[in-house]
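Trainee: Sequence:
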Amino acid sequence: MGSDGILGNRDSKQSKASIPKRRKWVKRRETWLVILGVILHAVYMLSIFDIYFKTPIVHGMDLVSPRFLAPAKRLVLLVADGLRADKFFEPDSEGNFRAPFLRSVIKNQGKWGVSHARPPTESRPGHVAIIAGFYEDPSAVTKGWKANPVEFDSVFNRSRHTFSYGSPDIVPIFCGALPHSTWNTYPHEFEDFATDASFLDEWSFDQFQSLLNKSNEDPKLKRLLQQDNLVIFLHLLGCDSNGHAHRPFSSIYLNNVKVVDRIAERVYNLLESYYKDNRTSYIFTADHGMSDKGSHGDGHPSNTDTPLVAWGAGIKHPKPITRRDHSDHVLRFVDEHLHDTPTPKEWGLDGIERVDVNQADIAPLMSTLLGLPCPVNSVGNLPLSYVDMKEEEEVEAVVANTKQILNQFLRKSQIKRSHSLYFKPFKQLAQYSSMLNQIEGLLIARDYKAAMQLSENLRSLALDGLHYFQTYDWLKLMTIITLGYIGWMVFLVLHVLQAYTSLLGDTYRKEEAFRQQYNTGKVNLWGCLFMGVLSVLLFLERSPPLYHAYFAMTVFLWTQILNEYQFIKALWRHLSGRKFNYVIKLLVTGVVSLIILEFLVHSFTERKLYTWCFLVVGAIASMYLYNLIPWRSRIPVFVCLTCWFLSLFTLMPAEIPDNNKLVIASGGMIIVIGLTAKWLDLHADGNKYWLGICKHEIKQPRFPMLFLFQALLVGLSSVMVFLSTSHRTEKQELHTVHQLMNWSIAGWSMVLPLFSDNGFLSRLNSIFLGFAPTFLLLSIGYEAVFYGALGLVLMAWILFENSLLYLSKVKKSSASRKNLEEHFFLENEVRYLQLSDVRIPLTFMVLFNVAFFGTGNFASIASFEISSVYRFITVFSPFLMAALLIFKLFIPFMLVICAFSATTKLLQIPRLGCYFLVILFSDVMTIHFFFLVRNTGSWMEIGNSISHFGIVSAQVVFVLLLFALTNIYTKDIQIRSASRASWKAM
3 MGSDGILGNR
13 DSKQSKASIP
23 KRRKWVKRRE
33 TWLVILGVIL
43 HAVYMLSIFD
53 IYFKTPIVHG
63 MDLVSPRFLA
73 PAKRLVLLVA
83 DGLRADKFFE
93 PDSEGNFRAP
103 FLRSVIKNQG
113 KWGVSHARPP
123 TESRPGHVAI
133 IAGFYEDPSA
143 VTKGWKANPV
153 EFDSVFNRSR
163 HTFSYGSPDI
173 VPIFCGALPH
183 STWNTYPHEF
193 EDFATDASFL
203 DEWSFDQFQS
213 LLNKSNEDPK
223 LKRLLQQDNL
233 VIFLHLLGCD
243 SNGHAHRPFS
253 SIYLNNVKVV
263 DRIAERVYNL
273 LESYYKDNRT
283 SYIFTADHGM
293 SDKGSHGDGH
303 PSNTDTPLVA
313 WGAGIKHPKP
323 ITRRDHSDHV
333 LRFVDEHLHD
343 TPTPKEWGLD
353 GIERVDVNQA
363 DIAPLMSTLL
373 GLPCPVNSVG
383 NLPLSYVDMK
393 EEEEVEAVVA
403 NTKQILNQFL
413 RKSQIKRSHS
423 LYFKPFKQLA
433 QYSSMLNQIE
443 GLLIARDYKA
453 AMQLSENLRS
463 LALDGLHYFQ
473 TYDWLKLMTI
483 ITLGYIGWMV
493 FLVLHVLQAY
503 TSLLGDTYRK
513 EEAFRQQYNT
523 GKVNLWGCLF
533 MGVLSVLLFL
543 ERSPPLYHAY
553 FAMTVFLWTQ
563 ILNEYQFIKA
573 LWRHLSGRKF
583 NYVIKLLVTG
593 VVSLIILEFL
603 VHSFTERKLY
613 TWCFLVVGAI
623 ASMYLYNLIP
633 WRSRIPVFVC
643 LTCWFLSLFT
653 LMPAEIPDNN
663 KLVIASGGMI
673 IVIGLTAKWL
683 DLHADGNKYW
693 LGICKHEIKQ
703 PRFPMLFLFQ
713 ALLVGLSSVM
723 VFLSTSHRTE
733 KQELHTVHQL
743 MNWSIAGWSM
753 VLPLFSDNGF
763 LSRLNSIFLG
773 FAPTFLLLSI
783 GYEAVFYGAL
793 GLVLMAWILF
803 ENSLLYLSKV
813 KKSSASRKNL
823 EEHFFLENEV
833 RYLQLSDVRI
843 PLTFMVLFNV
853 AFFGTGNFAS
863 IASFEISSVY
873 RFITVFSPFL
883 MAALLIFKLF
893 IPFMLVICAF
903 SATTKLLQIP
913 RLGCYFLVIL
923 FSDVMTIHFF
933 FLVRNTGSWM
943 EIGNSISHFG
953 IVSAQVVFVL
963 LLFALTNIYT
973 KDIQIRSASR
983 ASWKAM
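Going by the working numbering, the first residue of the sequence shown is number 3, and it counts up by one from there.
None of these hints come from the bench; they were simulated from the model.
Treat the hints with care, since some could be wrong.
[Said to hold, decoys possible] Computed list of lysine to any residue pairs in SDA-like fashion (alpha-carbon distance at most 20 Å, straight line):
| # | residue 1 | residue 2 |
| --- | --- | --- |
| 1 | K414 | W476 |
| 2 | K907 | M896 |
| 3 | K907 | L844 |
| 4 | K295 | H248 |
| 5 | K216 | L272 |
| 6 | K318 | K414 |
| 7 | K29 | L844 |
| 8 | K973 | L934 |
| 9 | K610 | L650 |
| 10 | K418 | E398 |
| 11 | K478 | L934 |
| 12 | K429 | W476 |
| 13 | K222 | S212 |
| 14 | K973 | V832 |
| 15 | K295 | I254 |
| 16 | K278 | L213 |
| 17 | K295 | V357 |
| 18 | K907 | Y808 |
| 19 | K478 | R544 |
| 20 | K222 | S252 |
| 21 | K224 | I254 |
| 22 | K426 | Q440 |
| 23 | K29 | V959 |
| 24 | K663 | L650 |
| 25 | K109 | V357 |
| 26 | K418 | D64 |
| 27 | K56 | L548 |
| 28 | K418 | W476 |
| 29 | K418 | V959 |
| 30 | K29 | E398 |
[To be verified] Distance windows between CB atoms, simulated:
| # | residue 1 | residue 2 | range |
| --- | --- | --- | --- |
| 31 | F881 | K426 | 45 to 55 Å |
| 32 | F933 | K222 | 53 to 63 Å |
| 33 | R31 | W745 | 41 to 51 Å |
In this text, a Cβ means the ideal position worked out from N, Cα and C, and glycines have one as well.
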């Protein structure tokens, strides 16, 4: 009778002689398999920057000069950083409006609406959209946000001269390298969150007022100011700083709204009295809003909805309406919000037409008002409802806007055509030239309505074409990367089946015999030739070097899979010969594994899923054990309660609040857990369900006082938590004696487990107590309790597996016991993997991810609370502080891996085989995260999508390094009945 290997049995007589040879082959293959895995994941991780974060900017387009007279000689752009639309338009508690001047403009002089910003709603991308007309270059995610990673055109570039005053983080982006500009910024030190930041807005106005005053004494400056095509940009940072520091409902923030309104009034009065020609256009808006928490970045309406008020030369006057809704000049808002949403009644603007725009539409509006070519990289649509021009001039303005976007499309098409051997054009614009000719014909015939309609259609198609070429290589790259991951996973499966299952006994001899006839070199030769052809094609298409790496890795993997053709054939024959219920069992195992992996994927964004997971698992596991073993063993109850206890932590806030009393109490809890485990190790030997993990013989331990010393260190660390924190709070410094004691306790405690007894439970208990002092000294709140809860759940997992192990031994028939040695064991008391063993790496992955997210989000600020290191160091030392924080995060992982390694020893299954299964399951998640990477949304959303993909991709190295590190603690653990003789003795 054969064992239930993953896929087959084994002939023992002929296989014994091949064991040494086969193990050498396995060792060689696994060495290069790990190296290949590291290289493959490193290369494929870079692919997201070629797919998702490729710059949309192209150069080499011709400017489109407008064929109409400029309505304005100069334009004033006032940007109130961080000003919410609702706080600007609504009245205060006394019924008075906060922006009386701009409200009078809306009612008597100009147009108004809401400008919709696209996430990420941050200062830099908001200003880029307003001034340059396109949404933040995604490639900037890899290069920082302050400087321009790619040069782009802007309204300022096209102006004759730009005057700009404001923040040192914004003004230099657009004027720092602009020769025809006059600008100034205040020092960074002025941006003090402890003060009322409205003085920053006054500073910007004062600088501009001083410029005009200076022109009265400077003839050269006076002549410059009398020129046309001038832009005046005042960046008003006050609302943003006050919103962050005091929240947007505070009196300071709301008063700042009044400040910017007064500045707008003073600028208007100043310029109208200076020029007296009615040739100045004014635009007032904001780059983003502000959430109720005093932050911004995401796509919430409080962040994306900003005020827009325009008046002056070239701007239409208010249009009264009887309907409560408003008109939108675009088909879709970039923030995905609804169109024609009713104007809130409290704004008091129901009777005046409201025209909402996308934020990038402001750039072509400013260009049109000044009669300038639109910025060549702009994707904004000219909002005609704001422009006061003759009908033919309006059409000419839209045609210029359309041609400018079409030029970008044509340039991208030209670049892609010149680099492609098989070019796929954007079919909808194949006849663009005839459409342009038709528009010109309609203009000549003075059919302006038809010309306008056709121009807008062509502009819309051009925007679709830009998106088409931006994502032109997506299908090719995503396909090759996905095939590469699939090939890697298939190769891992084949290796595990060959090296760690009993199937190899049926096929290995036949495969080896055939290999003498079947020359695998032919497959490698064809693979090299195929890759050579692909490389030549990629070279001719001038593809980046990484494209060659992506294709090479994928072709190499599938070539290696084809080399295993005979093994795959034998595998298929073996499966075909098995009973139908076994195939069903195999499919069910696969489906359940995928469900668990998908659960883990979703847990990265919703960690509360773990609460439900452990509530359900605790109940199911305890009921399952109840049907197998009696309640008096207490194991079913223990499993249930520990799982339910751990489920509480993912309900707690990700931002860990300070609670030193909880940290101190956790030290006592950890000591109690350690004492309980010690007592069970010494006295529970009579309980058959604890048989495999308790002391297997009563003897004097090497260091009888070691346990007491470890418990003392845990208690001492709790005392030091209290003393260090109290002294630092009172004296504002860390006492040197306390610092030395903390370092000594942390260092010695992690060394002591190496000297503990090598019994299963005693060693794991020593490891648990060994890492506890360090973790307690690095804890600030409930994560200290989480450490104890995680240790209890790991113990519950081990007891669960040990109970199943005992029951499986009892159920073995005499015949199966007789053949155990021949059918079960590889060598060194390690048995073959079975299909049911898949639960071990899956359970490990769940617990490993709980260690990631049990106390917050690994990528969030909660996991990197700097106060965690204050008991070791308070003087700023970024590298040492970062090392301590990372080590704190690693401690729960090391507990999980120690328990995992001990469990593989208990079950006598190959740990390295389970490691490859862990990597296999991780890569299933990696493929999912690969398609979840985002290049839109807030910085946090973009960064988290990248970090999630990177974390799972890096597990091939991360887990292996932790395996090697924890092996120091677990390599000499002795298991009761760990020999084949003990199995027979059962």
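Trainee: State for each hint whether it applies.
Mentor: Structure-based check of each hint:
no.: 1; hint: K414 <-> W476; result: holds (15 Å)
no.: 2; hint: K907 <-> M896; result: holds (17 Å)
no.: 3; hint: K907 <-> L844; result: holds (17 Å)
no.: 4; hint: K295 <-> H248; result: holds (9 Å)
no.: 5; hint: K216 <-> L272; result: holds (14 Å)
no.: 6; hint: K318 <-> K414; result: violated (36 Å)
no.: 7; hint: K29 <-> L844; result: violated (24 Å)
no.: 8; hint: K973 <-> L934; result: violated (39 Å)
no.: 9; hint: K610 <-> L650; result: holds (9 Å)
no.: 10; hint: K418 <-> E398; result: violated (30 Å)
no.: 11; hint: K478 <-> L934; result: holds (17 Å)
no.: 12; hint: K429 <-> W476; result: holds (18 Å)
no.: 13; hint: K222 <-> S212; result: holds (15 Å)
no.: 14; hint: K973 <-> V832; result: holds (14 Å)
no.: 15; hint: K295 <-> I254; result: holds (15 Å)
no.: 16; hint: K278 <-> L213; result: holds (18 Å)
no.: 17; hint: K295 <-> V357; result: violated (29 Å)
no.: 18; hint: K907 <-> Y808; result: holds (14 Å)
no.: 19; hint: K478 <-> R544; result: holds (15 Å)
no.: 20; hint: K222 <-> S252; result: violated (45 Å)
no.: 21; hint: K224 <-> I254; result: violated (38 Å)
no.: 22; hint: K426 <-> Q440; result: violated (25 Å)
no.: 23; hint: K29 <-> V959; result: holds (18 Å)
no.: 24; hint: K663 <-> L650; result: holds (19 Å)
no.: 25; hint: K109 <-> V357; result: holds (14 Å)
no.: 26; hint: K418 <-> D64; result: holds (18 Å)
no.: 27; hint: K56 <-> L548; result: holds (13 Å)
no.: 28; hint: K418 <-> W476; result: holds (13 Å)
no.: 29; hint: K418 <-> V959; result: violated (37 Å)
no.: 30; hint: K29 <-> E398; result: violated (73 Å)
no.: 31; hint: F881 <-> K426: 45 to 55 Å; result: holds (50 Å)
no.: 32; hint: F933 <-> K222: 53 to 63 Å; result: holds (59 Å)
no.: 33; hint: R31 <-> W745: 41 to 51 Å; result: holds (44 Å)
In summary, the numbered hints that this structure violates are 6, 7, 8, 10, 17, 20, 21, 22, 29, 30.
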